[in-house]
Structure formats: C-alpha cells, structure tokens
Amino acid sequence: MAEVAEKAVKAEMSEQPAVAWRVRGVRRRSTRTWRLRTSAAITLAVVVAVLLVPPLVQLDEQAVDLASKLQPPSLAHPFGTDDVGRDLLLRCVYGLRVSLLVGVVAAVVATVIGTAVGAAAAAAGGRVDRFVMRLVDLFSSVPHLLLGIFIVAMFRPGVWPVVVSVALTHWLSTARIVRAEVLSLRSRPYVDAAISGGASRWRVTVRHLLPGVLPQAGLAAVLMVPHAIWHESALSFLGLGLPTHQASLGTLVQSARGSLLAGDWWPTLFPGLFIIVPTLAIAGLAGAWRERLNPRRRSELML
Amino acid sequence: MLEVDAITAGYERHKPVVRGVSLTVRPGESVGLLGPSGCGKSTLARVAALLHRPDAGRVVVDGTAAAGWRHRAPRAQRTAFGVVFQQPRLSADPRLTLSALIAEPLRANGRADEVPEKVRESAARVGLGDELLGRRPHEVSDGQLQRACVARALILEPRWLVCDEMTAMLDASTTAALVRVVEDYRADTGAGLLAVGHDKALLTRWCDRTVHWSELEA
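Read top to bottom, the protein sequences are chains L and S. For the first sequence, our numbering begins at 229 and goes up steadily by one. For the second sequence, our numbering begins at -18 and goes up steadily by one.
Source of the hints: derived by calculation from the structure; they are not laboratory data.
Reference listing, derived: stretches of chain S covered by chain L, where coverage requires no fewer than 3 residues with Cβ under 8 angstroms from a Cβ of chain L:
| # | stretch |
| --- | --- |
| 1 | 23 to 33 |
| 2 | 129 to 142 |
Which residues of chain S face chain L? A few of them, derived with a C-beta cut under 8 angstroms, are:
| # | residue |
| --- | --- |
| 3 | H52 |
| 4 | R59 |
| 5 | V64 |
| 6 | D74 |
| 7 | N90 |
As the structure is a prediction and not an experimental result, all values here were calculated from the model. Even glycine gets a Cβ: it sits at the ideal position worked out from N, Cα and C.
Okay, chain L solo, but in the shape it has when bound:
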C-alpha cells in the first residue's frame, strides 16, 4: 500500500514540471500548425478547383439567362446569379483562374527580373551598384499602381498586358532583398577562395552567390503572388485589366457595384471573398516558409 502511494507521488513529481513548462509551447505550436494546415488545404482546394472545374464541368460561364437574373443564393446557384442571370459560382471559379494565372506568372517574372538586377548590382559593386540602386529608387518613387496603369494603357486589354504591367512594377523589392543578401555573402572567405582559385565574376555569382539567395528569392516570389492578384483585381476593377465579358475577380466586383446599391449583396460579396481567402492562404503558407528559413529575423519579406 505504502509502495503504491510512493509510486504515485513519484509519478506526480516527475510529471509536474514537464507539464508546467510544456503547455505554452504546445499551444503556440498548435496555432502554427493549424494556420499552416488551413492555408495548405485552402490553397490546394483553390488550385484543384481552378485546374479541374473548367475541363470537367461543361458549363458556359458566359451563358446569359435573363429569366433568372439576380437570384439570391440557392441550391441551384449556391452563390446566386448576377444581373444577366449568369451563375456566380462558375464565374468566380473562372475569375480566380485568370487571377491566379496572372498572379503566378507575374510573380515569377518579377522575381526573375528582381533577382537578376539585385545580384548583378551587388556582384558588380561600386559605381554600378550605386547607379542601379538609384534607378531602383527612382522607379519605386513613382506609385506603382500608376505606373502599372500607364503600362496597361499602352496595349489592348487582355491577360498578357496585365501580367507585363504587374511584373514590371513589382521587381523592385525583390531586387533590394537579393542585393542585400548577395552583399552579405560576397564578403565571405569562400568567395575569396573562389577568386584565388581563378573563378570569374560570372562564375562566383552563378555558382556561389545566387544559390545562396534562392530561398529568399523563392519566398519573395510566393509573397508576390497575393500582391499580384490584388493588383490584377485592382486594374480590372478600374476597367483597365481584362475586357468586361471575361470573368476576373476585379471585373466581377466592378460590374456588380450597381446591384449592390439596390441591396443585392451576393454578386459583390462572393468575388470579394474569392480575392481575400486564397490570397490569405498563400500568405499563410509563405509565412510558414519564412519561419522555417529564419525563425528569429523579422525582415522585409512580409506581406
């Protein structure tokens, strides 16, 4: 009997401190994993929907049905219909398809340009570096939405002008990040060793410096995707992005503004949610990646 009691006391003593200091860590970690899992699930669902719905579901997103215009959400039309009777769920998926395409392509192009410019500036150093970075400052002193509008206005409306406009206005921050990282790598002794071994500037940059900044550049690219989606929506909302008959999240919100004033909330709410939720999910994924890369540092790489 005494033995059992002693055992119980011992067990309690050995458990007590462990529980006491663990609680906080576990809880914080679970918030983090919860965020990561939700973000991953939403991103996955969005990608699957965008890739699979158009080929699998043989429905015309542009089919007009004036008899069923502006119907509130129901079983037949889960998101309701717009002012010419088009199904909003289908239009939202098609719109997200365009937005995601623009977002991803523009983000990749912007990151490639930014990485190339930043790495070239830092690797060259001296006067070239100063000149290039002042050019970057000059570019970023112009509001980038304004610059984007200027670029879009030079072409006929369509997807690719929007991609070009978003890409050409968003490489600046990547260039700054990459330049800073390369500058810190450049002074490492292994670069000295490479120079002493006869490596050319090009070889040092491509073999030793660029691979070192790829994680940061990749993170910048992922963080750029939501930003580019917002930009595409903004341009389309202003009527400068895609032509109005083609569904994009921006044009959906824009064309539904009229019915919002009449009290029909669904044609603006659902495209709006389609802009916000996937972009937050992608940003959540990027946040998890950032914490893995460097848990301590708060950097410029924030949304």
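Given chain L, put chain S in place with the hints provided.
Frame of chain L; chain S shown alone:
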C-alpha cells in the same frame, strides 16, 4: 620571388590598418609572420595573395608587378597563390560536397576533365577518405573541413602558399598533419610559403625564418 613593397591597406578610407609594410619571400623559402590579434597581418596576407586592393604600394610576383586585385588580377597570377584561411566553416561554400569543393578551382579554370583523378590524388595527399568526400561541410568536423580547404588550395599546384592562421581552429594532431602536408608539397614543388599566425612556437619550428609585425612596421 614574392615582394610586398611599401603596402598601405585598410577597409575604410584614411584609416589604414597596414602602413607602409614591406616583406620579401624568396622562392622555396618559408616565412612566418607573427603578430598580435588585429594588427593587420591577415590584411597583409590578403594583399599578398591579390585578394585585397591596397591604398598604396605594390606586389611583385615572380618579377611581374600585380596589375590588378581580386577579379582584375590576371587569372594566371591569381592562381599562382594557394590560400588557406583561418575558419574552414566560412571558407567553404555550405552547398558544395567536399569533392566539389576541392574540384572547384579546376572547374573554374576549365579543366573539368582532370577532376576525378586530381581530386582523388589531392584528397589522398591531405588524408581525406572517400566516404568523407561525398559529405557537405556541416557534416564534417573543423579539422576535416580544413583538410579539404588545404586540398583545394593545393590542387592547382600554386607556386606560392599563403596560410592565414591555418591552424588556429585545430587541435595539435591535425595541426601537425596539415603542416606536414604543406611541407611535403613544398618539398615536391619548391613553392614558397607565407604563414601568418600568433603561435610563436609553431611558426619558429615550421618556417625557415620568422618576422615579427613590429619589425615590419618601422
């Protein structure tokens, strides 16, 4: 002949670390440079290996004055030096395996076809086993990594060796082994050596002559 003539060098303008220092290393000679921490001897070693541009003074390598520094130095002049640094962790690219690390100077000089043979020979010279060659820097010890760095410095068969506190991070047995590797290489090729450090006992035993920093900075 490696002549370092009236070198003034530093990292900020008007704040030189090295003031008017001259030093000569004859072919096949080994010179130990002694001095306290932070006196500028590493900077002098970097200048001598054409890795740092001095504010004034010149470096003459085998009768030819250095025309430029770092990338501006002609490749033949740069590769005449084998350089070993103090901290192996910082002087090895963390993404390369040890065999890629050792082979890097050959690849940079367009001699990729000689890589397998030379790497094997060079790794054997510093006593690195095959099993270690496939690992990355974070998977080996400081001593093993410094062996790889010495192998990298020797693979192009330089006429001059610059060892900047090569053994500061190492234990006695690895120090002895690496000094033996360098001395064997010098015996084979007749290369000159500039060894920088503050371990007086080591440098006086290792080198033909030692110079103290205070004698140079007259």
